[in-house]
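Protein chains in written order, with the numbering used here: chain A, 1 to 206; chain B, 1 to 206.
Certain hints may be false.
Copies of the same chain look alike in the list, so a pair counts if it fits in one copy or across any two.
Claimed, not checked - Below, in silico cross-link-like pairs of lysine-lysine (DSS-like), each with a Cα-Cα straight-line distance of 27 Å or less:
| hint | residue 1 | residue 2 |
| --- | --- | --- |
| 1 | K38 | K52 |
| 2 | K125 | K170 |
| 3 | K52 | K125 |
| 4 | K170 | K52 |
If you are wondering where the hints come from, they were derived from the structure by calculation, not from laboratory data.
Each chain, letter by letter, is given below.
Protein chains: 2
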Amino acid sequence: MIPHVPSLEKLVHELSRLPGIGPKTAQRLAYFVLKSPKEFNDSLRAALMAVKNDVKECPQCFSYTEAEDLCHYCSDPSRHEDVLCVVEDPADISRVEISGVFRGRYHVLQGAISPLDGIGPEQLKIQALLERIDQRQNEGGPVLREIILALDADLEGDTTVLYLAQLLRKRGLQVTRIAHGVPIGGDIDYVDHRTLGRAIENRVQL
Amino acid sequence: MIPHVPSLEKLVHELSRLPGIGPKTAQRLAYFVLKSPKEFNDSLRAALMAVKNDVKECPQCFSYTEAEDLCHYCSDPSRHEDVLCVVEDPADISRVEISGVFRGRYHVLQGAISPLDGIGPEQLKIQALLERIDQRQNEGGPVLREIILALDADLEGDTTVLYLAQLLRKRGLQVTRIAHGVPIGGDIDYVDHRTLGRAIENRVQL
Chain A
1 MIPHVPSLEK LVHELSRLPG IGPKTAQRLA YFVLKSPKEF NDSLRAALMA VKNDVKECPQ
61 CFSYTEAEDL CHYCSDPSRH EDVLCVVEDP ADISRVEISG VFRGRYHVLQ GAISPLDGIG
121 PEQLKIQALL ERIDQRQNEG GPVLREIILA LDADLEGDTT VLYLAQLLRK RGLQVTRIAH
181 GVPIGGDIDY VDHRTLGRAI ENRVQL
Chain B
1 MIPHVPSLEK LVHELSRLPG IGPKTAQRLA YFVLKSPKEF NDSLRAALMA VKNDVKECPQ
61 CFSYTEAEDL CHYCSDPSRH EDVLCVVEDP ADISRVEISG VFRGRYHVLQ GAISPLDGIG
121 PEQLKIQALL ERIDQRQNEG GPVLREIILA LDADLEGDTT VLYLAQLLRK RGLQVTRIAH
181 GVPIGGDIDY VDHRTLGRAI ENRVQL
């Protein structure tokens with residue numbers, strides 16, 4: 001660290017607030033920025049500013065968007081209206097998209113229920129999901145046939161799945177959860193016993 | 001990666017230009033910035049702006065400074081004038097300072113001679129170093145007794161040391177280089193043979 005240069009120390013401090021960036025890495029990054037042409041500093045700040053000013057929440061699915069109204073996935077008329085995929089984070093949408101097997105609509109919860117972190121159902125977009133579904137059913141919109149829960153396979157994901165399943169079944173909807181099992185290309189020798197147990201339970205007729 | 005959000009893609013692109021930050025890490029950082037309170041975005045941009053606007057090169061030693069004229073080390077009247085420590089980068093100054101055994105002045109070369117990277121003596125602050133020394137000697141300033149070369153122990157450092165030693169000896173100056181040897185706390189078993197050879201050659205009378 002170069003001492004007696006307060007603005008450099010400040011930049012190191014700010015960079016070390018980023019996830020996975022410790023003090024040593026923050027120093028290396030700050031030093032790199034300092035040595036870079038001013039254009040890099042300008043374009044980095046412009047990109048930060050644009051993210052802050054231009055990225056909004058989609059009012060329907062709560063993913064990120066830069067569109068004025070609904071996001072890309074909510075406004076695409078070619079997508080199926082009868083199936084809704086519920087995910088934890090906006091980034092999960094692209095993972096589902098890349099799989100290529102889903103062409104319905106999305107809903108982002110913006111997290112999962114985690115009492116230890118003080119995150120209950122009211123901190124998530126669960127109420128909004130129920131309102132979205134109820135509104136569709138009351139207004140006689142296109143029939144919603146199935147809700148796919150594509151949440152993480154951890155404790156928080158499981159809790160949220162159980163909570164949602166209860167609420168959604170009451171509404172007469174088919175609720176499914178993405179399968180757990182041996183990953184494609186995975187070796188059974190290296191799969192943990194809970195995953196293998198689930199893979200056996202949920203075996204598929206050939 | 002969240003698709004169809006151009007400003008997020010732009011931020012990922014800018015962040016992945018930082019050293020050691022690959023596309024995956026850049027995505028994680030960009031996503032963190034997006035989810036953070038706007039205050040973090042603001043303070044990060046302010047820190048980048050401050051580094052760009054406030055940090056200058058010291059006109060004497062070519063380290064970084066925010067002072068109007070000479071840097072902290074060049075303007076400190078308590079430091080010894082008779083010995084000058086030559087380093088590659090500004091960050092090296094703090095490493096020498098932490099050692100606590102040097103109280104003279106500094107000169108930053110801003111790199112080392114590396115023909116493979118197209119860096120010759122003229123790309124470094126070598127001419128400025130010679131002028132600084134000549135000016136002192138011509139103007140009858142405080143006598144400069146010794147130049148300590150604290151450069152890296154790699155090929156580029158060695159080349160630069162040889163080049164500088166030749167030029168500085170011509171000026172009747174004592175030129176020294178920091179010692180190579182077994183690191184303090186180091187086990188001889190794990191020291192490479194070149195380092196051990198150098199440590200034996202440069203053995204110290206007890």
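Task: Violated hints, by number in ascending order, as checked against the structure - done: Going through the list in order, the structure violates hint 4 alone and respects the others.
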